[in-house]
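Going line by line, the protein sequences match chains W and H.
First residue of the first sequence: 6, per my numbering; consecutive thereafter.
First residue of the second sequence: 699, per my numbering; consecutive thereafter.
The set of hints was computed from the structure by calculation and includes no laboratory data.
Here the structure is a predicted model, which means the values were calculated and not measured.
Where hints are given, some of them may not hold.
[Unchecked claim] Here are the simulated lysine-lysine pairs, DSS-like style, with alpha carbons at most 30 Å apart:
#1 W:247 with H:834
#2 H:837 with W:83
#3 W:258 with W:229
[As the list claims (entries may be wrong)] To be clear about the criterion: a stretch of chain H counts as covered by chain W if any three or more of its residues have a C-beta under 8 Å from a C-beta of chain W, and this derived list gives those stretches:
#4 865-879
#5 895-906
[Stated by the list, open to error] Negatives, chain H to chain W, calculated, CB over 12 Å:
#6 730
#7 754
#8 760
#9 765
#10 844
#11 911
#12 922
#13 936
#14 952
#15 955
#16 974
#17 996
#18 1000
#19 1026
#20 1029
Even glycine gets a Cβ: it sits at the ideal position worked out from N, Cα and C.
Chain residues, written in single-letter form:
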Amino acid sequence: MTNNLHKILFEKFGYSSFRPGQLEIIQSILQQEDVVAILPTGMGKSLCYQLPGYILPHSVVIISPLLALMQDQVEQLKKMGEKRVIAFNSFLTQSEKQTLLNKLEQYKFIFLSPEMVTQEKVKEKLKSIPISLIVADEAHCISQWGYDFRPDYLRLGEWLGDNMDRPPVLALTATATKQVMDDIHTHLNMKKPTQHIQSLDRPNIRYAAIEVDSREGKFDKIAKQIDDFTGPGILYTQSRKKADNYAQKLITKGIRIASYHAGMEQVDRMFVQQQFLNNEIDWVCATNAFGMGVHKNDVRQVIHDHFPSSVANYSQEIGRAGRDGADSLATLFYTKDDEDLSIFVATNDFPDEAHVNVFMEATRNGIQPTQLVSQSLLSETHVRILSYWLSRKTMEETVKILHQLRLQKIQQIHQIKDILLNSTCIREKIVQFFGQAINSKPLNCCSKCGMELDVIVESSKANSSYLTLQSWENRLSSLFHMID
Amino acid sequence: MLFQQIILHMVNRLNEERTISAPYHLIRGKRSGQTIQDVKSYHLTKYFALFPRLTKQSYDQIIHQMIESGWLRVNELSIPQITELGEKVLNQMPTFHLNGWLYRGNERIFFQRLSLVTQTLSHVKANDLAFIPIQKDEKIHNWVRHFLKMVSYKNEGFIEEFYQELKTTFQSAALTDLHLTILSHRLSGYQVSGVTWQQLSHMLETDQMDLEILFQECLHIVLDEISLNTKLILLPRMSEGIKTTTPLTESAKRTADLYNQGHSIEQIMSIRQLKKSTIEDHFVEMAMNEPLFSIHMFFPCEDIQHIIQQIKNQQTKKLRTLKEAFPAYSYFQLRLLLAIGGDSIDQQST
Ligand SMILES: [Zn+2]
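The following block holds chain W by itself, in its conformation from the complex (with noise of 0.2 Å):
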């Protein structure tokens, strides 16, 4: 069998060798075992239930709670030339979803987000067509005391609780701590799943917090960094302004990078990740809207300016250097100040009890909303928000949820800080912080415990130039391969 597992892995998906752990959790899987399966983000996760796709005689269910994350597993599976696939979402209109509905067994892979689970029509199709397997991706969202808490997912374990010979469950995560761990099992009802669990250390990536005494020295030390050693590499800054700027002044010094932020065209962001992907820029500077979808193994180093929102979000970002497995070097610039701004950040566009105030009293004049938006008493987010929680709770509860999610998010960020200023080690914390413990520490581990730059990464190559334009004659004889 593991010969057959192999040749797929190889035609299917291009790669001669299988990742830690995922040759395990796919025979498990073969086996009709309930598996809960703990991998670091960005090492093949998706693989474990892509390949038993291909071998499994009907359709894989795979819920998942990001949407960008869905989209970007649709797309890799188109990009294989993989057609039975299909993401179910609340983008559909009713008459789309209603056509998919009908012919939903022809599909392959179908993604799902929870909230779709629990649709009376999307349940009883389910409940009709034979199924093979069901993925639950992120399953740490299903877990209260998970960091990142959705809700909705919990009716996916009450659809899974009525359906007594279901196919096996997959449940996939990056966090393993043991109060997460127990929620998965009883909110899935798993039957006694095998679990395989990965260390969720990085070895190959080597943490640095930096102080510096102001603003202007931030900069000035981040771009000496990027001037010094080499890319390819990204800078995660806060704000989209920050990201033009940064971007801006990089490039007068030589630097090739772009600026990417979701405020940009759909098209020139696809721009800036096939610049990146052609090597044709070293960097990119992004908010925390780069990087789902960002497939590229050979990233050197990521930069912070700030402090990011939570440990998760940190080691997610980070996660994107080194999937090739060599040294790669995660820097972090702050001053003493910065905290404060993180956590204005994190709130500033966060309801409060008199945006409740506002949303109630609009809703009982019959004001739609947007209306509140376009007259700029509430904001998009605090719309989004408060629509979800009114429609679930009452006035009171939702003032006391939206004060609870508040205190969480400054939380967050004084775990994120604590570790990077005050632990003794970085890389030990955020392991523990995942609920593992470390079996060794590289040399040059961290900046507790000590390094030496330039032995992780190599000193920045002399320049290529940076993008030139063609002709259009040129440029369109390219395109097309054409020589004339």
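Following the hints, put chain H with the ligand in place on chain W, whose structure we already have.
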């Protein structure tokens, strides 16, 4: 600068009869009765839907800068007025080959098709079909899939043909090198990355908005060229459905269909579940755009040509002023008259 000049041009045409938000709605391509009427009566067809995603915030910011520069004034009623300095700036404006009213934002759909077809063919030629589509819209995917199947793109020589048609079209005399530099670098393919607006702006040392205006103009010229050049075979199929065949908005078209089937305004209101004012907007739109539409039913026993002449003598298109001069007519009737009258002014000036 081009963008500011276009604003000045609009302000000038609007003749202090509209507020400063009128150009904003027009540029965004708002499909409301008022905006559509402005397009026609003030001859602003070029600029309709020039920037569908322009935010109010950036618009306000630009207007603010223009006031600071002393190019225009906005009075306490929000009515803009061009200054002497503004007129000088306006005089420097080049003539644009824009035709926003004809394409109504659909030129973007044409470009989406073009960019996905180009990306696909580029990868077909390189024998590597594993790529992430540059366009995300499923409708565009389906269209391109269908198109490529229809033209049997795998046939020997197809890509060459497609390439030659593009080259021929791009040689149109109305297109400048700048137009084509922009357009060709907004396309991408196998190992050929696209170039972002920011990067283009940096390298061409031109304001990003101005580049986007030139891009729009370029698409309009290309589409015109495609419809005129009878030797082209593939590109005309790529531009199917892009040009507006009915001058009406979709909603007005449905009202017009019901009206032509013999339904009254009241019946249409109840069939379509729309407010009276909305249906009236549709009739004004029909009066403006359909040469055969008659407004006689709204003026049972009057000489319409005579009333129109009287209105013209007032030398204003401001409804409130007209209502004071002709209190016997409803606002709806006055708008119908303006719509018809606007059209005859159109014919005189062109
Ligand atoms: Zn350490």
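Original post:
Which of the numbered hints are not met once you compare them with the structure shown?
Top reply: 7
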